[in-house]
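Residue numbers (this note's numbering), protein chains in the order written: chain H, 1 to 213; chain B, 214 to 376; chain D, 377 to 993.
The set of hints was computed from the structure by calculation and includes no laboratory data.
It is possible that part of the hints are untrue.
Beyond 10 Å from chain H on every Cβ pair, some chain D residues (computed) [as the list claims (entries may be wrong)]:
hint, residue
1, D385
2, N460
3, K465
4, Q483
5, E486
6, G654
7, A699
8, D701
9, D886
10, T890
11, V893
12, L896
13, C975
Sample of chain D residues facing chain B (criterion: CB under 7 Å; computed from the structure) [as the list claims (entries may be wrong)]:
hint, residue
14, R602
15, G624
16, A733
17, E734
18, W735
19, G760
20, I974
Even for Gly, the Cβ is constructed at its ideal location relative to N, Cα and C.
Letter by letter, the chains look like this.
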Amino acid sequence: MPEMVTLAIDEQEVEVEEGTNVLAAALGAGICIPNLCYLPGLKPTGACRVCIVEVEKNGRTKMTASCTLEAKDGMVIHAHSENVLRARRNIVELLVAEAPESEVLQVLAERIEVEDVRYPERDNDCILCGRCVTACAEIAATGAKGSIGRGMNRHIGLPFYNEEYCQKCYECRERCPMEIAPQSRRDPCGVCGSELSKNEDLIPEMCGDCELD
Amino acid sequence: MDLARVDAILEGRGSEPFDVMEVLQDIQEEFRYLPEDAMRQTAEILQVPLIEVFRLANFYKAFSLKPRGRHLITVCTGTACHVQGARKLGDQVLGQLKVGPGETTQDGAFTVETVNCVGACALAPVVIIDGEYYDHMTPKKLRKLISRIRKVDAQEEETRTNA
Amino acid sequence: MPRLGNLDDLAALCDALGSKREQSTRTVTMCAGTACRACGCLPVAEAVEAEIEKQGLCGEVLFRTTGCHGFCEQGPLAIIEPGNIFYAKLKVDDVEELVSQTLKENQVVERLLYTDPVSGEKVRTEDAIPFYASQTRVLLGDNTKLSPENIDEYLSLGGYTALAKTLTSTSPGDVVSTVQASGLRGRGGGGYSTGRKWEQCRQAPGEEHYVICNADEGDPGAYMDRCLLEGNPHAVIEGMAIGAYAIGARQGFVYVRKEYPLAVRHVEGAIEQAHEYGLLGDNILGTDFSFDVKVVHGGGAFVCGESTALMASLEGKVGEPRAKDVHTVEHGYLNQPTCLNNVETWANVPKIITNGAEWFAQKGTQNSKGTKIFALTGQVKNTGLVEVEMGASLREVIFDIGGGPQNGRAIKAVQTGGPSGGCLPESEFDLAVDFDELYEAGSMMGSGGMVVMDDSACMVDVAKYFLTFLQDESCGKCLTCRIGISRMLDIVTDVCEGCGTPEQLDLLEDLAWTVSVGSLCALGKTAANPVLSTLKYFREEYEAHIEQESCPAGVCPALIHYTIDEDTCNNCGLCAQNCPYEAISGDKESGYRINGEICTRCGICVESCNKKAIVKS
Numbered sequence: 001m002p003e004m005v006t007l008a009i010d011e012q013e014v015e016v017e018e019g020t021n022v023l024a025a026a027l028g029a030g031i032c033i034p035n036l037c038y039l040p041g042l043k044p045t046g047a048c049r050v051c052i053v054e055v056e057k058n059g060r061t062k063m064t065a066s067c068t069l070e071a072k073d074g075m076v077i078h079a080h081s082e083n084v085l086r087a088r089r090n091i092v093e094l095l096v097a098e099a100p101e102s103e104v105l106q107v108l109a110e111r112i113e114v115e116d117v118r119y120p121e122r123d124n125d126c127i128l129c130g131r132c133v134t135a136c137a138e139i140a141a142t143g144a145k146g147s148i149g150r151g152m153n154r155h156i157g158l159p160f161y162n163e164e165y166c167q168k169c170y171e172c173r174e175r176c177p178m179e180i181a182p183q184s185r186r187d188p189c190g191v192c193g194s195e196l197s198k199n200e201d202l203i204p205e206m207c208g209d210c211e212l213d
Numbered sequence: 214m215d216l217a218r219v220d221a222i223l224e225g226r227g228s229e230p231f232d233v234m235e236v237l238q239d240i241q242e243e244f245r246y247l248p249e250d251a252m253r254q255t256a257e258i259l260q261v262p263l264i265e266v267f268r269l270a271n272f273y274k275a276f277s278l279k280p281r282g283r284h285l286i287t288v289c290t291g292t293a294c295h296v297q298g299a300r301k302l303g304d305q306v307l308g309q310l311k312v313g314p315g316e317t318t319q320d321g322a323f324t325v326e327t328v329n330c331v332g333a334c335a336l337a338p339v340v341i342i343d344g345e346y347y348d349h350m351t352p353k354k355l356r357k358l359i360s361r362i363r364k365v366d367a368q369e370e371e372t373r374t375n376a
Numbered sequence: 377m378p379r380l381g382n383l384d385d386l387a388a389l390c391d392a393l394g395s396k397r398e399q400s401t402r403t404v405t406m407c408a409g410t411a412c413r414a415c416g417c418l419p420v421a422e423a424v425e426a427e428i429e430k431q432g433l434c435g436e437v438l439f440r441t442t443g444c445h446g447f448c449e450q451g452p453l454a455i456i457e458p459g460n461i462f463y464a465k466l467k468v469d470d471v472e473e474l475v476s477q478t479l480k481e482n483q484v485v486e487r488l489l490y491t492d493p494v495s496g497e498k499v500r501t502e503d504a505i506p507f508y509a510s511q512t513r514v515l516l517g518d519n520t521k522l523s524p525e526n527i528d529e530y531l532s533l534g535g536y537t538a539l540a541k542t543l544t545s546t547s548p549g550d551v552v553s554t555v556q557a558s559g560l561r562g563r564g565g566g567g568y569s570t571g572r573k574w575e576q577c578r579q580a581p582g583e584e585h586y587v588i589c590n591a592d593e594g595d596p597g598a599y600m601d602r603c604l605l606e607g608n609p610h611a612v613i614e615g616m617a618i619g620a621y622a623i624g625a626r627q628g629f630v631y632v633r634k635e636y637p638l639a640v641r642h643v644e645g646a647i648e649q650a651h652e653y654g655l656l657g658d659n660i661l662g663t664d665f666s667f668d669v670k671v672v673h674g675g676g677a678f679v680c681g682e683s684t685a686l687m688a689s690l691e692g693k694v695g696e697p698r699a700k701d702v703h704t705v706e707h708g709y710l711n712q713p714t715c716l717n718n719v720e721t722w723a724n725v726p727k728i729i730t731n732g733a734e735w736f737a738q739k740g741t742q743n744s745k746g747t748k749i750f751a752l753t754g755q756v757k758n759t760g761l762v763e764v765e766m767g768a769s770l771r772e773v774i775f776d777i778g779g780g781p782q783n784g785r786a787i788k789a790v791q792t793g794g795p796s797g798g799c800l801p802e803s804e805f806d807l808a809v810d811f812d813e814l815y816e817a818g819s820m821m822g823s824g825g826m827v828v829m830d831d832s833a834c835m836v837d838v839a840k841y842f843l844t845f846l847q848d849e850s851c852g853k854c855l856t857c858r859i860g861i862s863r864m865l866d867i868v869t870d871v872c873e874g875c876g877t878p879e880q881l882d883l884l885e886d887l888a889w890t891v892s893v894g895s896l897c898a899l900g901k902t903a904a905n906p907v908l909s910t911l912k913y914f915r916e917e918y919e920a921h922i923e924q925e926s927c928p929a930g931v932c933p934a935l936i937h938y939t940i941d942e943d944t945c946n947n948c949g950l951c952a953q954n955c956p957y958e959a960i961s962g963d964k965e966s967g968y969r970i971n972g973e974i975c976t977r978c979g980i981c982v983e984s985c986n987k988k989a990i991v992k993s
C-alpha cells in the first residue's frame with residue numbers, strides 16, 4: 001500500500017497518495033485550480049504558471065505552481081486567496097495578449113474573470129506551454145520535439161527543423177491549446193482538466209458558473 | 214566535414230553525464246562551430262537524444278551553429294562597462310563592420326559578440342579581441358584596432374598569394 | 377613531489393616551507409590577475425625577473441606573481457618587502473630603476489608611488505593607501521602573498537592544515553556544528569545558512585553525496601569569485617574537501633564560467649598539484665577519507681548560476697531550473713544529496729576551521745557574520761575588489777574606500793546585487809551592508825557587485841539595461857519570466873523613448889509583482905527588483921521621461937539630439953571621421969552637419985571633438 005498524506009486545500013482536508021502533486025490532489029477532490037500546461041498523469045513542467053497557489057508555512061506564505069509541488073502531510077494550500085486570484089488573472093492576461101486568437105485562452109480568461117488585457121496584442125501562434133513536447137516524449141515516446149533556444153527566442157522544434165524526425169502521430173497536435181477548440185480537448189474539462197465537471201454529484205461549487213460543463 | 218576529427222574528440226567519452234557538454238565544447242573549438250553531422254555523431258555515440266544535443270547547441274552561448282569568423286570581437290556589456298560607455302563600443306563595431314552581436318562579417322573575418330561581464334569591471338569598458346583584453350576602451354581605439362587587424366590580415370593574404 | 381602519508385608529513389612540509397619563506401629577506405610581488413594582465417603586467421614581470429638576474433640579485437630576492445590584489449585600475453602593480461613599498465602603473469622602462477634603486481639601494485622611487493586621487497599626495501606603502509586601509513582583507517589578503525600556480529606557497533602559509541585538523545581530530549558532525557556556529561551564510565546571493573545547508577545534506581539519504589563549487593559567476597559587475605579562484609585556488613579546494621568530509625561526499629565539482637580561462641587554468645593546476653601531494657584522491661593524508669574534484673566548464677548561460685540549472689547543466693542538459701520545492705540538498709546532482717556553495721563561501725571554510733567559529737562570528741552584524749568581498753566599480757575614484765566586515769555602511773565603501781565620485785560629479789546611486797538587486801539612492805548610503813538590511817531596502821547583497829553611478833546615469837536606462845540582460849538570459853521556460861520580463865522591457869522602453877504613459881507605470885508595478893511571485897526560479901523571482909527599486913527611489917526620473925519627454929541625465933537616445941554649433945566649430949572634420957555611422961557630412965569649407973535620420977545618438981562625435989562644438993540637447 002502506498003503511503004497516504006493529508007493536506008488542506010482551501011480549508012478542505014484532502015488525502016492523496018504520497019508523491020501526488022498538489023494540482024492533481026485538488027482536482028481529484030473537486031477543487032478547481034485552473035491550469036493549462038499540465039497533462040494529467042504526465043510529468044508536470046510548471047511552464048504556464050496558471051495553476052499558481054499559495055503555500056502557507058509557519059504563518060508565512062509563498063506562491064508556487066501547484067503542478068510541480070508535491071503534496072506533503074500537513075501542507076496548507078490556498079488556491080483561491082486574493083493574491084492567488086490576482087496573480088492568476090495577471091498571468092492569463094499575459095497569455096491572452098500573446099495569443100489573442102486562442103479560444104482556449106479566451107475561455108480561460110473569461111472563466112477566471114480577466115476583465116481587461118492591458119498589453120498590446122502580439123499574435124503568436126504558440127505560447128510555449130510545452131504540452132506538445134510532453135506528449136511527444138511521454139505519450140508518443142518519440143522524444144523528437146523540444147523547446148529550442150532561450151528567453152524570447154525559445155521555440156518548439158525538431159532537430160535541425162527537419163520534419164524527417166517527426167513520426168506524424170499527431171499526439172502533440174491533439175493537445176495543443178492553439179490548434180483546437182476547448183470542447184474538443186481530450187481532457188475532460190477544457191479549463192481545469194478536472195473530470196468532475198462531467199459528474200453531477202461531484203461538481204464543486206466553483207464549477208457551477210463554469211460555462212463548459 | 215571530417216568526421217574522423219569528431220570521432221577523435223568522442224574517443225573515451227560517454228561515462229559521465231557532462232561529457233556531452235565537453236564534447237560539444239571541443240567540437241566548437243575544433244571547427245569554430247557545431248556542424249550538423251558532428252552533432253548527429255555525438256548524439257549517436259553518447260546515446261543522447263538528438264533533440265537534446267540540438268537544444269544544448271541552441272541554449273549555450275559557447276556554441277555556434279554557423280562558422281565563427283577568424284577574429285572574435287567580444288564587447289563586454291556588464292553593468293560597469295555599460296555605465297562607462299560600452300554602448301558606444303557596440304555602435305562603433307556596428308558602424309564599422311556592419312554586423313551586430315552574434316553576427317559574422319560577410320568575408321568571414323570578424324564575429325562580433327557581447328558578453329554580460331567578463332569580470333574586469335575595474336578596467337571598464339573592456340573589449341576582448343581573440344582572447345586579448347583591451348581596457349578602458351574608446352570607440353577611437355577600437356576603430357584603430359579593427360583597422361589594424363584588417364591591415365595585418367591583408368598583408369598576410371598578400372604574402373600568401375605572392376608565395 | 378612526495379605523497380604526504382599523514383598529518384606529520386604535512387606539518388613538517390608546512391614548517392619547512394614556512395621558515396624558508398621567512399628567511400627570504402627581500403620579495404617583489406606582482407599582481408598577475410586578469411585585469412593586471414590586460415594592463416600589460418606580464419612583460420613588466422618578465423622584465424623584473426630578468427633585471428634581478430642581470431643585476432646579480434638572484435639568490436637574494438624572491439620574485440613572485442600572484443592573483444588579483446583587487447586594486448585593478450592601478451595595475452601593473454608591485455609590492456616590495458621589506459618596507460611594504462607599493463608601486464603602481466609600472467612600465468617596462470621603470471624596471472631597471474626599481475631594481476637598482478629599491479632592491480639594491482633601499483631607495484624609494486618617488487615617481488612610481490601611487491598618488492591618492494583624493495588628497496593628491498604620494499603614498500609610500502600599501503598599508504597606507506586609503507583604498508586598502510579601511511578594508512578587512514581576510515580572504516583577499518592571501519591573494520597578495522602567494523603564487524596560485526605553486527602549491528608550496530599555499531602550504532608555506534599553513535595551507536591544508538585546516539583539512540588535516542578536520543580529518544584527524546574532528547567528526548563530520550562537529551565540522552558542521554563549527555560552520556553553523558560561525559554564522560557563515562552563502563556568499564552567492566541567497567544568504568542561506570551554510571551550516572544548516574551542510575547539516576540537511578549530511579542527513580539526506582542517498583547512494584552518493586556531492587559537493588559543488590558554483591563558480592559560474594555571471595552577475596555583471598561582480599568578479600570576486602574569479603579573483604579568488606585565480607588567486608588562491610587551494611583555499612577553495614581545501615574548503616570543498618572539508619565540506620565533503622562533513623557531508624560524506626567523495627566527489628566534488630567546480631562549475632566555472634567559460635569566460636574565466638585563467639581561473640580554469642589555475643584551479644586545474646591546483647587540483648593536479650594537490651593530487652601529487654595526496655591532498656586529493658584516495659586516502660587523503662593516510663586517512664579513510666577519499667575525495668576528488670573535477671572542473672566542469674560552463675557553456676555561457678547566466679541562469680546556470682541558479683543551483684538547479686547548474687546541476688541540470690552538469691548532467692549534460694540545458695540549464696533550465698526546476699521548481700525548488702524539493703531541495704537540492706536532498707535531490708541534487710543525479711538526484712543525489714548535493715551541497716552547492718559559492719566560491720567565496722568555500723574559501724571562508726578553512727579560515728573558520730583554523731581560527732574557530734567565534735573568531736568568525738565576532739566579525740560582522742547580528743545575522744551576517746564575517747567579511748564580504750565587493751566589486752566596487754562604476755563612476756567612483758578607486759575601483760576594484762573591496763573586502764569589508766559585514767555591516768560597513770555603503771558610504772564607507774563608496775567614499776572612504778572608493779574615494780567618492782570621479783570628475784567632481786555627484787554620486788546618485790549604487791546598484792548592488794546585479795540583476796537580482798536594486799539601485800539605492802544616496803539617501804540610503806548609511807545603510808549597513810548585510811544580507812537583511814539590503815533586502816529590506818529593496819535591493820540585495822547578491823554576489824557582491826556594487827556599481828556606483830553618478831548624475832550622468834539615467835535610472836530608467838539602468839532598469840532597461842537589466843531587463844534587456846534578463847530577457848537575454850532567461851531560459852524562457854516559465855511564462856512569467858519569459859513574457860513578463862519582455863513586457864516590462866517594452867514598457868520601460870516606451871518610457872525611455874518618451875512615449876510612456878502614467879498608467880503604464882501602474883501596470884509596470886502590477887506586472888513586476890506578478891513576475892516576482894509567479895516565476896519558477898530565482899532569476900525570475902528577482903527580475904523585477906531593478907525596476908521596483910528604481911521606481912521606488914527614482915520615480916521622478918520615470919515621470920520626467922513621461923511628462924516632459926526628457927531624459928534628465930541626457931542618456932536615452934530617443935530623447936536627445938546632437939547638433940554642431942557653427943560658431944565654435946573649426947571645421948576640422950574629426951567628428952565626421954570618427955562617426956561610425958557616417959551620419960556627419962560636409963567639408964572643411966562649408967562646415968559639417970549631423971544627419972538626424974542616420975544619427976543613432978551614440979555620442980562618439982562628442983568625444984572626438986576638441987572644440988566642444990557638438991551640443992547635446
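Consistency of the hints with the structure:
{"no.": "1", "hint": "D385", "verdict": "holds (49 Å)"}
{"no.": "2", "hint": "N460", "verdict": "holds (49 Å)"}
{"no.": "3", "hint": "K465", "verdict": "holds (41 Å)"}
{"no.": "4", "hint": "Q483", "verdict": "holds (59 Å)"}
{"no.": "5", "hint": "E486", "verdict": "holds (54 Å)"}
{"no.": "6", "hint": "G654", "verdict": "holds (43 Å)"}
{"no.": "7", "hint": "A699", "verdict": "violated (4 Å)"}
{"no.": "8", "hint": "D701", "verdict": "violated (5 Å)"}
{"no.": "9", "hint": "D886", "verdict": "violated (7 Å)"}
{"no.": "10", "hint": "T890", "verdict": "violated (4 Å)"}
{"no.": "11", "hint": "V893", "verdict": "violated (4 Å)"}
{"no.": "12", "hint": "L896", "verdict": "violated (5 Å)"}
{"no.": "13", "hint": "C975", "verdict": "holds (28 Å)"}
{"no.": "14", "hint": "R602", "verdict": "holds (4 Å)"}
{"no.": "15", "hint": "G624", "verdict": "violated (21 Å)"}
{"no.": "16", "hint": "A733", "verdict": "violated (31 Å)"}
{"no.": "17", "hint": "E734", "verdict": "violated (34 Å)"}
{"no.": "18", "hint": "W735", "verdict": "violated (30 Å)"}
{"no.": "19", "hint": "G760", "verdict": "holds (5 Å)"}
{"no.": "20", "hint": "I974", "verdict": "violated (10 Å)"}
In this structure, the hints that do not hold are numbers 7, 8, 9, 10, 11, 12, 15, 16, 17, 18, 20, in rising order.
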